[in-house]
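Sequence lines, in order, name chains A and S.
According to our numbering, the first sequence is numbered sequentially starting from 15.
According to our numbering, the second sequence is numbered sequentially starting from 15.
Any given hint could turn out to be false.
[Said to hold, decoys possible] Each computed EDC-like pair below joins lysine to aspartate or glutamate, with the alpha-carbon atoms no more than 20 Å apart:
| hint | chain 1 | residue 1 | chain 2 | residue 2 |
| --- | --- | --- | --- | --- |
| 1 | A | 421 | S | 343 |
| 2 | S | 421 | A | 343 |
| 3 | A | 395 | S | 344 |
| 4 | S | 421 | A | 344 |
| 5 | S | 76 | A | 364 |
| 6 | S | 117 | A | 425 |
| 7 | A | 76 | S | 378 |
| 8 | A | 29 | A | 364 |
| 9 | A | 409 | A | 386 |
| 10 | A | 421 | S | 344 |
| 11 | A | 76 | S | 274 |
| 12 | A | 117 | S | 364 |
| 13 | S | 395 | A | 362 |
| 14 | S | 395 | S | 372 |
| 15 | S | 76 | A | 344 |
| 16 | S | 235 | S | 193 |
| 17 | S | 76 | A | 404 |
| 18 | A | 76 | S | 364 |
| 19 | A | 421 | S | 425 |
| 20 | S | 421 | A | 425 |
| 21 | S | 76 | A | 343 |
| 22 | A | 76 | S | 404 |
The set of hints was computed from the structure by calculation and includes no laboratory data.
There are 2 protein chains.
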Amino acid sequence: MAPLMSHSVSPLAPKTYAELPPLWGVRLATAQAGIRYKDRTDVLYVTFPHGAAVAGVLTRSKCPSAPVDWCRTQLPGGTAQALVVNSGNANAFTGMRGAAAVKLTAEIAAQAAGCSPDRVFLASTGVIGEPLDATRFEGVLTECEAHADGEFPWLDAAKAIMTTDTFPKVATRTARLGDVEVTINGIAKGAGMIAPDMATMLAFVFTDAPIMAPALQPLLKRGADRSFNCITVDGDTSTSDTLLIFATGGAGLAGAPTIDKADDRRLAPFRKALDELLVDLAQQVVRDGEGARKFVTVQVSGATTARSAQRVAMSIANSPLVKTAIAGEDANWGRVVMAVGKAGEPADRDRLAIWFGDIRVAVDGARDPAYDEATTSAYMKNEAITLRVDLGLGKGKATAWTCDLTKGYVEINGDYRS
Amino acid sequence: MAPLMSHSVSPLAPKTYAELPPLWGVRLATAQAGIRYKDRTDVLYVTFPHGAAVAGVLTRSKCPSAPVDWCRTQLPGGTAQALVVNSGNANAFTGMRGAAAVKLTAEIAAQAAGCSPDRVFLASTGVIGEPLDATRFEGVLTECEAHADGEFPWLDAAKAIMTTDTFPKVATRTARLGDVEVTINGIAKGAGMIAPDMATMLAFVFTDAPIMAPALQPLLKRGADRSFNCITVDGDTSTSDTLLIFATGGAGLAGAPTIDKADDRRLAPFRKALDELLVDLAQQVVRDGEGARKFVTVQVSGATTARSAQRVAMSIANSPLVKTAIAGEDANWGRVVMAVGKAGEPADRDRLAIWFGDIRVAVDGARDPAYDEATTSAYMKNEAITLRVDLGLGKGKATAWTCDLTKGYVEINGDYRS
Numbered sequence: 015m016a017p018l019m020s021h022s023v024s025p026l027a028p029k030t031y032a033e034l035p036p037l038w039g040v041r042l043a044t045a046q047a048g049i050r051y052k053d054r055t056d057v058l059y060v061t062f063p064h065g066a067a068v069a070g071v072l073t074r075s076k077c078p079s080a081p082v083d084w085c086r087t088q089l090p091g092g093t094a095q096a097l098v099v100n101s102g103n104a105n106a107f108t109g110m111r112g113a114a115a116v117k118l119t120a121e122i123a124a125q126a127a128g129c130s131p132d133r134v135f136l137a138s139t140g141v142i143g144e145p146l147d148a149t150r151f152e153g154v155l156t157e158c159e160a161h162a163d164g165e166f167p168w169l170d171a172a173k174a175i176m177t178t179d180t181f182p183k184v185a186t187r188t189a190r191l192g193d194v195e196v197t198i199n200g201i202a203k204g205a206g207m208i209a210p211d212m213a214t215m216l217a218f219v220f221t222d223a224p225i226m227a228p229a230l231q232p233l234l235k236r237g238a239d240r241s242f243n244c245i246t247v248d249g250d251t252s253t254s255d256t257l258l259i260f261a262t263g264g265a266g267l268a269g270a271p272t273i274d275k276a277d278d279r280r281l282a283p284f285r286k287a288l289d290e291l292l293v294d295l296a297q298q299v300v301r302d303g304e305g306a307r308k309f310v311t312v313q314v315s316g317a318t319t320a321r322s323a324q325r326v327a328m329s330i331a332n333s334p335l336v337k338t339a340i341a342g343e344d345a346n347w348g349r350v351v352m353a354v355g356k357a358g359e360p361a362d363r364d365r366l367a368i369w370f371g372d373i374r375v376a377v378d379g380a381r382d383p384a385y386d387e388a389t390t391s392a393y394m395k396n397e398a399i400t401l402r403v404d405l406g407l408g409k410g411k412a413t414a415w416t417c418d419l420t421k422g423y424v425e426i427n428g429d430y431r432s
Numbered sequence: 015m016a017p018l019m020s021h022s023v024s025p026l027a028p029k030t031y032a033e034l035p036p037l038w039g040v041r042l043a044t045a046q047a048g049i050r051y052k053d054r055t056d057v058l059y060v061t062f063p064h065g066a067a068v069a070g071v072l073t074r075s076k077c078p079s080a081p082v083d084w085c086r087t088q089l090p091g092g093t094a095q096a097l098v099v100n101s102g103n104a105n106a107f108t109g110m111r112g113a114a115a116v117k118l119t120a121e122i123a124a125q126a127a128g129c130s131p132d133r134v135f136l137a138s139t140g141v142i143g144e145p146l147d148a149t150r151f152e153g154v155l156t157e158c159e160a161h162a163d164g165e166f167p168w169l170d171a172a173k174a175i176m177t178t179d180t181f182p183k184v185a186t187r188t189a190r191l192g193d194v195e196v197t198i199n200g201i202a203k204g205a206g207m208i209a210p211d212m213a214t215m216l217a218f219v220f221t222d223a224p225i226m227a228p229a230l231q232p233l234l235k236r237g238a239d240r241s242f243n244c245i246t247v248d249g250d251t252s253t254s255d256t257l258l259i260f261a262t263g264g265a266g267l268a269g270a271p272t273i274d275k276a277d278d279r280r281l282a283p284f285r286k287a288l289d290e291l292l293v294d295l296a297q298q299v300v301r302d303g304e305g306a307r308k309f310v311t312v313q314v315s316g317a318t319t320a321r322s323a324q325r326v327a328m329s330i331a332n333s334p335l336v337k338t339a340i341a342g343e344d345a346n347w348g349r350v351v352m353a354v355g356k357a358g359e360p361a362d363r364d365r366l367a368i369w370f371g372d373i374r375v376a377v378d379g380a381r382d383p384a385y386d387e388a389t390t391s392a393y394m395k396n397e398a399i400t401l402r403v404d405l406g407l408g409k410g411k412a413t414a415w416t417c418d419l420t421k422g423y424v425e426i427n428g429d430y431r432s
């Protein structure tokens with residue numbers, strides 16, 4: 015998961031990076047701790063001098079990393095003062111030594127930030143099963159605290175947490191809260207081992223909105239279900255999936271109301287902006303899918319329920335045969351039928367209709383009488399492919415995002431020792 | 015699924031083919047109907063002049079092929095007189111025309127075999143979504159009936175049903191039934207779209223044992239659960255998975271007892287031989303996995319139940335990251351941990367132990383203190399890899415078989431139009 019070799023930037027990378035503004039109460043720094051990589055930053059340190067409400071969504075893997083265990087323990091406290099993220103080593107499946115390493119890291123960070131360790135949040139990404147030497151953080155985090163800056167470039171923060179990523183992932187949105195405009199900034203990493211189960215590899219969202227933890231948690235959960243839980247690169251769920259949101263409340267100084275309930279009606283614009291930002295970050299992860307050459311949107315409608323539609327969409331998005339066909343620019347809707355059939359959800363073959371883009375290729379359980387191979391083949395040459403399935407049973411619908419499966423994926427994950 | 019190009023034989027192919035003896039009451043023939051392929055046989059016709067008890071296990075796909083629908087309808091009858099299998103076209107997702115095509119094929123075969131259509135069993139494999147022109151069978155099956163022969167080479171029968179297969183799959187076993195030796199012959203096909211859900215692509219088993227359909231069905235179901243339902247090439251479940259067994263009862267003439275209950279104790283040796291034969295065929299399908307270079311056995315023990323062990327084993331066997339690591343001869347047990355974690359089954363990270371071959375690489379939730387990379391890397395160079403996981407929770411165990419994921423798989427499924 016953490017090759018030393020570098021890859022050229024994904025052809026699906028955004029043409030420009032969003033510019034993220036500074037946020038009240040958020041200071042950032044990065045450092046080179048030399049955990050695994052040479053000549054690049056591998057530590058991100060974020061401090062909230064005035065504290066921040068925090069909420070999180072973590073992997074449901076039964077073999078979570080030590081930092082995931084740590085965050086799960088600290089999240090009920092609801093308050094954060096520092097965040098430390100390292101790349102190069104996931105500190106996953108490292109036994110007692112892993113638990114000791116997160117404790118020591120939190121203590122070092124707490125000393126630097128001037129808070130108790132239970133206000134420190136941690137995430138690690140990189141190789142699994144290698145012990146992480148937390149003493150490496152000792153000088154590094156004190157140094158980070160000394161240099162941490164509200165004007166620090168967010169793009170550099172995103173770069174410090176990359177592993178097989180070929181580009182840093184950043185997004186920003188604004189929303190009205192009461193009469194005040196609040197800002198939401200987010201960064202993420204991830205390119206392989208992407209089939210988030212309640213969260214993604216690593217994503218961190220920061221806002222100056224004064225939203226308390228009890229309101230923040232359901233907001234984030236709902237947003238994750240519509241973004242990170244709708245993407246897949248390879249169907250493999252990471253041990254380290256972590257999505258955290260930090261709300262400093264700075265906008266309260268400008269008159270934004272303090273929100274402590276998720277059903278507060280004033281949250282509607284914020285919720286919309288947060289959902290958009292999460293989808294933006296999640297799609298960037300797919301756009302950096304290992305070996306990806308095409309960005310694929312899978313839309314399923316006509317399912318008995320939304321949940322059923324979601325499962326069918328993910329069955330299609332995870333199918334190696336569908337994904338290799340798209341890599342080969344082959345409108346192979348037979349494989350889409352296969353993936354619908356294996357999803358185990360209610361489906362009636364003879365009511366199925368399938369579209370590639372706006373071209374209907376199948377209807378009433380058979381090839382569309384108007385099917386034209388040349389038109390469909392031309393569509394498949396696009397970089398962004400939309401694949402739509404209507405099950406013809408009910409009103410449930412869902413969308414999933416994935417990428418094609420190319421020889422590049424096998425090369426990245428098989429052709430070198432990780 | 016049905017390329018016109020030919021592939022060289024899988025390096026994992028058996029060194030020799032089993033020699034299958036003639037079976038009393040079974041006559042075979044093949045033909046070239048020109049359905050899709052040129053210059054090769056694409057129709058297998060098997061006739062049981064004295065009838066045969068029949069049992070079957072069919073795909074649970076919600077989008078099954080028309081021949082699967084046909085078999086599901088006829089199986090309760092319990093008697094077969096003919097079997098027609100074609101390659102090149104799966105007659106799947108072909109709507110009303112597909113249903114009409116199986117009906118016409120059965121009628122043509124019934125006329126040739128001199129029986130009613132409900133005693134004809136059908137299977138098709140190849141491209142999905144293309145209408146199958148059943149009139150092609152008209153002269154062909156009459157011709158087959160005229161030439162059908164008990165001495166016909168079973169290997170040629172297996173060749174006629176190949177699609178992306180690089181070698182024909184045959185197996186034979188004998189067993190005592192009462193005081194008589196009975197024979198079981200089996201043929202199968204399959205290389206991609208292999209994640210059988212209650213059966214595999216196509217497999218047909220023939221025996222002269224006098225076992226009636228009510229006893230045959232549970233025997234076959236149990237055998238399929240321990241063989242075809244334990245293999246995966248790509249996690250994609252076919253629309254056409256069909257496993258049928260035909261028992262002519264010929265051994266009854268030599269004095270074998272007629273069995274009509276699955277719990278008849280005299281069945282024990284037959285059950286064992288049948289299970290072995292099904293595992294043999296299932297493993298051959300994995301050995302012909304598209305692009306496969308390594309044969310992988312995944313053994314899981316210490317699970318809370320056998321079913322749980324099976325799910326964990328299949329989660330590992332289906333993981334693209336585990337399979338690409340094996341292709342790269344990388345003993346990446348971190349990815350095994352990931353695959354255990356995502357299975358959704360009871361697991362305790364800190365009790366997990368993992369072996370590659372006889373080398374324990376991880377124990378008590380962390381890398382084995384005695385781990386030696388050189389030894390492990392040397393083991394990974396083998397063509398057959400055994401990967402063992404003990405969950406340390408209970409007594410449930412299971413085995414799954416798979417192959418590595420190579421660029422060859424992507425090439426076969428993506429680099430040409432199918």
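| field | Ascending list of hint numbers which this structure does not respect | value | 3, 6, 8, 9, 11, 13, 15, 16, 21
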